[in-house]
Amino acid sequence: MGAAMDQKEIDTFLVLADISGYTDFMSFNRQEITHAQHVVSALIEAVLDAAPDNLIANKLEGDAIFLHAPDGQDAGRKVAQAAVRFFDAFDDKRRQMVLTNACPCRACARIRLLDLKVLVHFGRALLYRLKRFEELSGFDVVLAHRLLKNSVPSRRYLLASRPAWERFADAGPENARAHNEAYEGVGMIESMVALIPADPALLPDDVAPARGWARLKDIAVKHAAEFLFPLGLRKPPGWGDLNP
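Read in this note's numbering, the sequence shown has 651 at position 154, and its numbers run on one by one without any break.
Bear in mind the hints are in silico, worked out from the structure with no lab data behind them. Careful: at least some of the hints might be erroneous.
Result set (DSS-like, lysine-lysine): computed pairs, CA atoms no more than 30 angstroms apart in a straight line [said to hold, decoys possible]: (1) Lys-646 / Lys-505; (2) Lys-628 / Lys-505; (3) Lys-556 / Lys-505; (4) Lys-646 / Lys-575; (5) Lys-646 / Lys-556; (6) Lys-556 / Lys-575; (7) Lys-575 / Lys-505; (8) Lys-628 / Lys-556.
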């Protein structure tokens with residue numbers, strides 16, 4: 498077994514952008530689950546594209562992306578602004594996919610039911626490389642993931658632990674409220690929670706099926722996904738930004 502290399506402890510923001518409704522969304526037959534994975538991948542990609550340079554993607558975790566931002570000048574403000582921007586990027590992509598959808602399957606019909614929650618913690622982590630993989634480990638990494646299990650009565654929110662929130666300066670959402678959660682083996686964790694409102698105009702209730710080029714593009718991408726995802730591929734080389 499090879500030894501870990503380039504390991505060091507860092508103070509860092511730990512960020513999880515998690516898609517709400519993922520479990521139910523993936524409970525379909527083979528064709529539908531392929532479409533569902535295509536949708537989820539496109540939404541996560543949109544969130545990733547909204548991340549600033551100081552927020553580094555560490556790992557894809559099914560329905561979530563785990564990122565970190567080493568502490569530094571103005572790092573807290575940048576992380577807070579990025580966390581809010583993630584919702585805008587998610588909303589824009591979800592709306593685009595709903596409006597260009599040409600597929601009647603259960604997965605594609607439920608795109609509008611997916612939402613986003615973002616969790617931020619600040620702490621110390623061991624950053625190391627093992628072969629070509631960069632990993633983060635330590636108590637605070639575990640705690641950041643534990644924050645996903647909470648009693649917040651919403652599927653769409655930003656939750657920041659107290660250490661993270663205090664470093665946001667004045668960049669955190671103004672509607673944030675105190676939220677305490679007890680975790681076994683950890684104790685009470687103080688945090689701040691902000692429910693992030695969605696603009697209803699971005700997702701109209703009555704949407705006609707896509708037509709014309711938008712319809713053809715949607716059908717082409719989803720049919721391709723049925724063959725590509727089982728092979729571990731995202732889309733054919735050279736197709737570029739063909740996603741709806």
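Looking back at the hints listed earlier, which ones does the structure fail to meet? none
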